[in-house]
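Go ahead and model the full structure; you've got the sequences and the hints to work with.
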Amino acid sequence: MVAREPIAITEFALATCLGAGGRVHAEALRAGRSGLAPCEVYDTPFTCYVGAVPGLEDCAPPSELEAWDNRATRLAEAALAADSYGRRVTAAVCRWGPERVGLVLGTSTSGVEKLETAYRARRGEEPLAAEYSMRRHNDHHAVASYLMTRLGLAGPCWTISTACSSSAKALVDAHQLISADLCDAVVAGGIDSLCLTSLAGFEGLQLISRKPCRPCDAERDGLSIGEGAALLLMERAADGPYRLSGAGENSDGFHMSTPPADGAGAAVAMRGALAAAELMPSDVGYVKLHGTATPANDVAECRAVAEVFGATTPVSSLKGAVGHTLGAAGAVETAMCLLALEHGVIPGCVGLRRVDPAIACSVPDAPQAAALKHVVANAFGFGGNNCALVLSR
Amino acid sequence: MTLRAVVKTAGFASPLAPDLDAFSVLLGGGHIQAAPNWNPTLACLTAREARRLSPHTRLALSVAEQVAPALPEDAGWVFASSSGEGETLQVILEAISRPDLLIQPLRFQNSVHNAAAGQWTIAARRQGPATSIAAYDETVGVGLLKALMQVALEQRAVGLIMFDGPLPPPLHEKRPVDCAMALAMALAPASTAASGDLAVIEGRLVDEVPEPLEPPDNASAGCFAETGNPIAAAVPLLSAIIGAGSAAATAHVIRLGVGGSRALHVSVEPVA
Numbered sequence: 001m002v003a004r005e006p007i008a009i010t011e012f013a014l015a016t017c018l019g020a021g022g023r024v025h026a027e028a029l030r031a032g033r034s035g036l037a038p039c040e041v042y043d044t045p046f047t048c049y050v051g052a053v054p055g056l057e058d059c060a061p062p063s064e065l066e067a068w069d070n071r072a073t074r075l076a077e078a079a080l081a082a083d084s085y086g087r088r089v090t091a092a093v094c095r096w097g098p099e100r101v102g103l104v105l106g107t108s109t110s111g112v113e114k115l116e117t118a119y120r121a122r123r124g125e126e127p128l129a130a131e132y133s134m135r136r137h138n139d140h141h142a143v144a145s146y147l148m149t150r151l152g153l154a155g156p157c158w159t160i161s162t163a164c165s166s167s168a169k170a171l172v173d174a175h176q177l178i179s180a181d182l183c184d185a186v187v188a189g190g191i192d193s194l195c196l197t198s199l200a201g202f203e204g205l206q207l208i209s210r211k212p213c214r215p216c217d218a219e220r221d222g223l224s225i226g227e228g229a230a231l232l233l234m235e236r237a238a239d240g241p242y243r244l245s246g247a248g249e250n251s252d253g254f255h256m257s258t259p260p261a262d263g264a265g266a267a268v269a270m271r272g273a274l275a276a277a278e279l280m281p282s283d284v285g286y287v288k289l290h291g292t293a294t295p296a297n298d299v300a301e302c303r304a305v306a307e308v309f310g311a312t313t314p315v316s317s318l319k320g321a322v323g324h325t326l327g328a329a330g331a332v333e334t335a336m337c338l339l340a341l342e343h344g345v346i347p348g349c350v351g352l353r354r355v356d357p358a359i360a361c362s363v364p365d366a367p368q369a370a371a372l373k374h375v376v377a378n379a380f381g382f383g384g385n386n387c388a389l390v391l392s393r
Numbered sequence: 001m002t003l004r005a006v007v008k009t010a011g012f013a014s015p016l017a018p019d020l021d022a023f024s025v026l027l028g029g030g031h032i033q034a035a036p037n038w039n040p041t042l043a044c045l046t047a048r049e050a051r052r053l054s055p056h057t058r059l060a061l062s063v064a065e066q067v068a069p070a071l072p073e074d075a076g077w078v079f080a081s082s083s084g085e086g087e088t089l090q091v092i093l094e095a096i097s098r099p100d101l102l103i104q105p106l107r108f109q110n111s112v113h114n115a116a117a118g119q120w121t122i123a124a125r126r127q128g129p130a131t132s133i134a135a136y137d138e139t140v141g142v143g144l145l146k147a148l149m150q151v152a153l154e155q156r157a158v159g160l161i162m163f164d165g166p167l168p169p170p171l172h173e174k175r176p177v178d179c180a181m182a183l184a185m186a187l188a189p190a191s192t193a194a195s196g197d198l199a200v201i202e203g204r205l206v207d208e209v210p211e212p213l214e215p216p217d218n219a220s221a222g223c224f225a226e227t228g229n230p231i232a233a234a235v236p237l238l239s240a241i242i243g244a245g246s247a248a249a250t251a252h253v254i255r256l257g258v259g260g261s262r263a264l265h266v267s268v269e270p271v272a
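Chains as they are written, first to last, in the working numbering: chain A, 1 to 393; chain B, 1 to 272.
Simulated from the structure, these hints should not be mistaken for lab results.
For each residue, glycine too, the CB sits at the ideal point set by N, CA and C.
It cannot be assumed that every hint is accurate.
Pair by pair, the computed Cβ-Cβ distance ranges are [said to hold, decoys possible]:
no., chain 1, residue 1, chain 2, residue 2, range
1, A, Asp239, B, Pro55, 50 to 56 Å
2, A, Ala261, B, Arg98, 32 to 38 Å
3, A, Trp96, B, Ser267, 43 to 49 Å
4, B, Glu49, A, Ala358, 30 to 36 Å
Simulated coverage check for chain A against chain B, where a stretch passes if three residues somewhere in it have a Cβ under 8 Å from a Cβ of chain B [to be verified]:
no., region
5, 111-120
6, 179-193
This is the structure we're talking about:
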C-alpha cells in the first residue's frame, strides 16, 4: 500500500481456545491441533462445539477498571498479558507520546454477553440493573474505550463493526492512520466473546454444526463459534519483521448472509489486495481462507481463490482450529498468519478428511513446511462485506 | 498529509426536519412542524422490502439515497452510528431470554452494526468498500475522520452516512436518545471541485479535548442537541457546509472529538 515510509507490524498478541501467546499457537499450527470442544459455557438447547478461551476467570480487569468487567474485556486482558504485549505497547507510548498512538478495534458483538445476562435476570418489564452500563459493558465502542484507558493512549480511536470482516478492516484503518500522518503507532485488532446472540443467531440460520467444524470438507455442515482477542501494533518507520503490504475492500451488493455462488466479490477483494501490494498471484505462498465451513461459503470462496491464484497455491481455513471468532477473526487469523510466516509453516485445514470435489484448490489436511514471504488472508462479513489482506515478511 | 475533500452534496433526515431543505429552514430560524411519527420513504426498496428493515436502517438508507446520485459506482461508504441496530438488538435479547433461544434468521442477519451499510449496498447494487464504525459520543468525529482519510489516501469519492435513533426500553434509559437523526455527505477528492458543489472541507488533528457539542447557533438549532442523539454533533458542520454555498459565506472551523485527547478541526470554505 502507498506509504511514504515503511510501516511495520512490530508486536502482536493473541488469545484463542488454543491458549494465549505466540508459542502455543505456533505449536498448534505445527501440530494441526484444534481447540474446539463441546459447549460448556452455555446450556444451549442444541448441540454445538465452541472455541472457548481457557482461564478467563483469572483475567479480570485491574481493580480500578473493574466497572468495565465483562467477557470481552477479559479477553482483552488475556491478549494484553500474552507475550508481554501490554508492556510493549507502553514502551511504544513512551517512544511516540500518547497522543500519537491510536487504536482501532474490530468487534461484532462487543460486550453483549453482559447485556444478555442482564436481560435473562430481568423480571417482566422492570428496568435493567443499576450497575449495568451500556457505555462500559455493551456499547459497540465499549471494549475499545476500555483499551484506550487501560493502555493510556490518547490518539484517535474507533470501533469497526462490519460483522466477520471487522478486525481485518481495523488493520487497514490503522495503516491509513499512520500513512496519513495522524498517528505514529496504532494498536489494532479484534475482540469477540462467546455469547448467546451469536450461538442462537447462527443456529437460527441453520449454520451451526453439531460437530467440530470441517472447512472445505465434502461433509462440512456448518460452523463452530469461537472467541478470541488479537492485538497488533503498527509503527511508522520501524524495521519490524512483518508488514500489511496490501488490502482490498469491497461489497458484494448481493445478499446479507450469502455470497454470490461464484465468489465474485471475494475475487475482486483479493485482486485489489494484490494490486495494492504490487504483487503477482504467484508471489503469494499461502491463502488463508475465511473458510467458515458452511456448504455455500467455502465453495464460493474457493472458486474465487482458484480464479485469482489458480489451483496450486495452498489454501486452508484456521476455523477448524480456533472456531469462527466472528469480528475478531480477521485479526486473530492475521496473527496466526504472521506465525506461519515466522515459522515457515503452511497451516493444515484442521478437521479436513476429504476435500469437497467442488473445490478446485490445493487444500492440505496437515501442516507443511515452506518458506513463506507473502500470504493472503481473507475475512468476509454479513452484508457482503469483503476484506482481503496481504501480509508480508 | 492534508485531509481535504469537496462536499458535492449533503442529506438530512429526522422527525425534527424530514430533509435538507427543512433542516436549512430550521437553522435559518424558521419553523418546521416536528412530526414524531414521521418515517422516511425509500426509493431504492419496495414498501414490502423496506418493512423488513428496522427504523434505524430505513433512516440511514433514506439519507444515503439523497447523496448517492453525486457519487460514482466505485465510491466508498462510511456508515457511522453509535448504536447501530438498537431495535433489532432488543428483539434478539428478548429471544435469548426464552428457553428455546429461537432467533428469526432475518432478525439475526439484520442485527449487526453494519446492517444499514450492507442493506444499502444490496439495495443500491453498490460494490465499493463499505465500513461501519462507532465511537459512542465521538461517532461523528471518527466517521468524518475515516471518510476524509479514505478520500485523501485512496483518491476515492466517499459517501458518509451518520445515523442514530432512540433505543426501545429498557435500553433507552441506559442510552437516552429522544429523536432519530441521520445526515449524509457526498465527499470527493478536492481536485474535482466544480460549480454547484457545497463546500471544501479540510481536517487536521489538534491536541484538545473538545466540548461535547458546539453551542447551537440559534434556538431552533438547539432542538437537535437536546435530543441526546450523538449525531447532533454534526449539526454545526452541516450548517456551515450549507452556509458555505450562500452569498455571504465565511470560513468556519468546527471542532469534533475523535477519541483520546485529540480533536478534529474541520475548516469549511466556499468552493473557490
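key: Violated hints - listed by number, lowest first   = 3
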